[in-house]
Amino acid sequence: MKGNVAMIRNKTLLSICMFFIIFCFYETGNAEVTPEIQLGGRGVISLNINNSSDGDSENVADFSDTSLLLGLRQKLYSRYRGQFVLGFQLPDRDSTLDSPFFHQVFLKIEDRTNILKLGRTRLKSSLIEFPTMRDDDAIHFTDSLNPFITGENSEENQYGELLEVSRIFGQRYRVNLYGGHVKEDIELTGDDEEDLRFNTLGLILQYSVPETQRWNRELLNQIGIGFNTFFTDRQDHSGFSDNLKNIFFSAIINVYPDPVHFWDIRHQTIYNPGFSEIDNVTDFTSMTRAESISLFTSVRYLYRKLEGPTLQAAVSYGYKDFPGLSNSSGQHQLVANGFYRIGENFDVGLQLQYLNNKGQLKDLLLSHETRIQLAIVYNIDLLFNRQFDDRESLLNLEHGYIP
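Sequential numbering of the sequence shown, starting at 1455, is according to this note's numbering.
None of these hints come from the bench; they were simulated from the model.
Every value quoted in this text rests on a predicted model; they were computed, and no experiment measured them.
Where is the CB? At the ideal position from N, CA and C, for every residue including glycine.
Some hints here could point you the wrong way.
[To be verified] So the derived label-pair ranges between C-beta atoms look like this:
#  : residue 1 : residue 2 : range
1  : L1788     : G1536     : 42 to 50 Å
2  : L1818     : L1659     : 32 to 40 Å
3  : L1501     : S1532     : 48 to 56 Å
4  : R1621     : D1843     : 35 to 43 Å
5  : E1672     : V1629     : 18 to 26 Å
6  : L1788     : I1747     : 14 to 22 Å
7  : V1769     : V1629     : 31 to 39 Å
8  : D1843     : K1812     : 48 to 56 Å
9  : R1671     : F1623     : 21 to 29 Å
10 : D1843     : Q1689     : 49 to 57 Å
11 : L1650     : L1760     : 44 to 52 Å
All chains, please: the whole structure from these sequences, using the hints.
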């Protein structure tokens, strides 16, 4: 019964979205104050071949992370402008989330230096993007993990309700303060229903070269530090020591910032002090609350022809250690991929992943897994009734496999 209700609700929401898009296209010219209309979408379909410690498997058409977004922007009565974004995504095939999953539903008010954002969007669980095919390909290394869930759905580590305030100084320096609500599984909390109060808070300080100046031969493209805390419950503790904390460091180095043959190195470290009483990992929740340090580094080559990306090749390596556990436990992952543009906004890609778990993680996760993926990716980014200089396109909300 619940499944039927969810299906009816999703179909109703999709119908409303489609009607709204058509209405905007036909009525824009008649409105006295017309909004700028953005339409963005990404289709990601891959053939997956897996070889793991529990056997072999194949997936002929994995279309997870395929998404469609609609954005409306409006000039306000002051120097500010407002934006509304509605977007849905197809979750992972083994996800228990409703399909489609509405991952972007927010309002934003901004000017040149100030940004206020409220709604459901991508959480600040990672400071930079890495050149992986999908954003959860190395999620144990690239993101701070949600300690309130059982770990069945990767999207619950990445999306949530967020109140975010940002200040930009001199086009290169950004201070970001945010608070939000990440998904809580009621099986873990013991409540009858989920409490939607604030359960995470964070601060990010970042230096980043603007996209228009990326090819000016500067060595440092981005550097950032961040702090995030989850309002967890810890036995025999209270106050700040009751919370689970994560500390981030990230950097992007332009090794060879040539406009045609471009090389860069991307790195992120996440340190989780964890709780000292956790010395054994038995489930996803205890894994997120154990002390850990995660390292992930990518080396990327990008060939640009006629000022557009033509070919990208990247190799990434991740390492995660759990020093507080009773025996030596950790993870290693290698990701190698290449993407080639076969037409306007059309890319083909090949990715190889190898993941190895040791110690207590072998019982919780697979001992090892090798995955080969052959993918076709299509992007669309359309703008109607242009009114603003574009600081960010709608597709910036999605994972950039060519960052």
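_Violations among the numbered hints_ = 4
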